[in-house]
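The listed protein sequences derive, respectively, from chains A and B.
The opening position of the first sequence corresponds to residue 1 in UniProt numbering, with each subsequent residue numbered one higher.
The opening position of the second sequence corresponds to residue 1 in UniProt numbering, with each subsequent residue numbered one higher.
The set of hints was computed from the structure by calculation and includes no laboratory data.
Certain hints may be false.
[Stated by the list, open to error] Here are the computed distance ranges between Cβ atoms for each label pair:
1. B:Tyr32 / A:Gly171: 15 to 25 Å
2. B:Val44 / A:Thr203: 43 to 53 Å
3. A:Ala116 / B:Arg14: 29 to 39 Å
4. A:Pro113 / B:Thr35: 34 to 44 Å
5. A:Ala73 / B:Val44: 49 to 59 Å
6. B:Ala76 / A:Val93: 30 to 40 Å
C-beta: ideal position from N, C-alpha, C; glycine also.
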Amino acid sequence: MRHARELAALAAAESTLSAAGSTLAAAGSTLAAAGSTLAAAGSTAASAEPMTAMDVRARVRDPLFGVASLAFAWELLARLVVDRLPPLSGVLVAGVDLVASGELVGALAASLPTLALGYALAVAVGVPLGLLMGFSQRADALADTPVTTLFVTSVASLLPLLIAVFGAGLGFYVVVVFLFAVFHVTLTLRAGVRDVDDALVETGRVFGASRFGVYRHVLLPASLPHVAAALRLGAVRAVKGMVVGELWVYAGFGSLLHGYQRYSQTDSALAVVLVLMVLAAGLSGGLGALERRYAPWQRVEGGVR
Amino acid sequence: MRDEAFALTDRRRRVLLRAASVLALLLAWYAYTATTRTLLASPVAVAASFVEHVVVTGTLRRAIADALVHAALGYALAVAVGVPVGFALGLSERLAAAYDPVVDALYAAPVVALAPLFVVWFGLTPLAKTALVFLFAVFVVVVTTETGVRETDTGAVDAARVFGAGPRVVYGEVYLRSALPSVLTGLRLGAGRAVRGMVAAELFLYADDLGSYLIDTAATFRMADSLAGVLALSLTGLAAMALVAGLGRAVTRSGS
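All chains should be built: construct the whole structure from the sequences, respecting the hints.
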């Protein structure tokens, strides 16, 4: 019970995140590509629901101000106070170099397939399992203890073991990504499905829906927004899993980061961190946009229940 | 409303199902390790190793206790920074509109990617570990605190103002009380995150006893010992969250 509430909270927190999903992706890309203001404004406006011009301005302008003020503070701090911190401008230049030299593309090409595979597996297992645990108390009683136990287990602490078992191959990355994402997907979804208003189910029954009909026409559509929330959280977790796995075996982004560490290239390392941040936020924001398009009838709003 | 007796048998049946599923899984695990040649250690061996390293010799217990020092320090910092920042973002819509996307992106960011940078900045020092734990824990505290403050009933705030409440009462009593459950959720989640950060610091910055234990046992294929370490860390995370939850309940009770 306690975990369910905590998860509901986690999910709520995560969905507050992506309520600002598209703006977030836009803000991220400004950070990374500096100066694509127009593109950012365009993408925010395009993916959002119909709004007045003023809404659009407020939704773009405020986050832009936020990012710009932080960027300015970073630059000042780095130039005047903290020697060790490379100024943001330097980091952006390093980021451009990273793209130009092909290092970034290489890391992405190496990492994205394993990310996609691990995430797809996590979704294929986590979504049905989470729905089942949310719908059926019996299934929940059966699966709750093992799933919750694995959920609280630090996947990082399993890294040395996983590498010993799987070796540094494709299997290792996929398993790490899978383990990072699957239990969050499962438990977020369960918390969401449990949250579906009982009155909806009763109404379905009153109008003569069969047991299956209630699942098909009431619970499933009512759960879809929670599926979307679980997919977003899962994507964020999957990126974390990818990074952790690659750092452990010095592959992909991990090998880039370790290389920069060796030569104290903090600007390039920070550029990679920003790229990873944009990747995670962008995936989450992109899924949020899909959600608004295909399941717009019930937004999962933020708020701790 | 459901019948009491029905609810009782219902609950009893669920407890039975739960126990049966755990038992079945453990048996299947045991049967698998007993009948096949596999790297996987049997649950009995894991339990034995857990008792040996945590209770009898205490190597694992001491290793975790040592690592927890950084975790506690980083967590305390995360709370000291996260709660005020969350309060500010929750109180001011303008601040939230400007900075929420950044906070959200940071919350979603893979913090562990900063580990190599921290090695450059702080060297292989406890400071690096504390900083990593801080970053692991701080954003969940910010986000949950912000949510709690924002959901404070404005009616209650207005009522307090009408009755002449000053800022001390409005912020220290009305907002704080209303946000408290959410803040406590954040503190509990933060404690769990701090323990994860602690593990990440052991593995990705530099290994003290805990990191060495995890790495050495796995590298020499002592699977039972390695899994005992993983189990002990899970329990540590749960214990940290339970401790914070307990403290929270004590505070809530004494305050009301």
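A quick look at each hint next to the structure:
1. B:Tyr32 / A:Gly171: 15 to 25 Å: 19 Å, holds
2. B:Val44 / A:Thr203: 43 to 53 Å: 52 Å, holds
3. A:Ala116 / B:Arg14: 29 to 39 Å: Roughly 37 Å apart at Cβ, these two residues keep to the hinted range, so it holds.
4. A:Pro113 / B:Thr35: 34 to 44 Å: Once the Cβ atoms are compared, 35 Å apart, the range 34 to 44 Å for threonine 35 of chain B and proline 113 of chain A holds.
5. A:Ala73 / B:Val44: 49 to 59 Å: 57 Å, holds
6. B:Ala76 / A:Val93: 30 to 40 Å: 37 Å, holds
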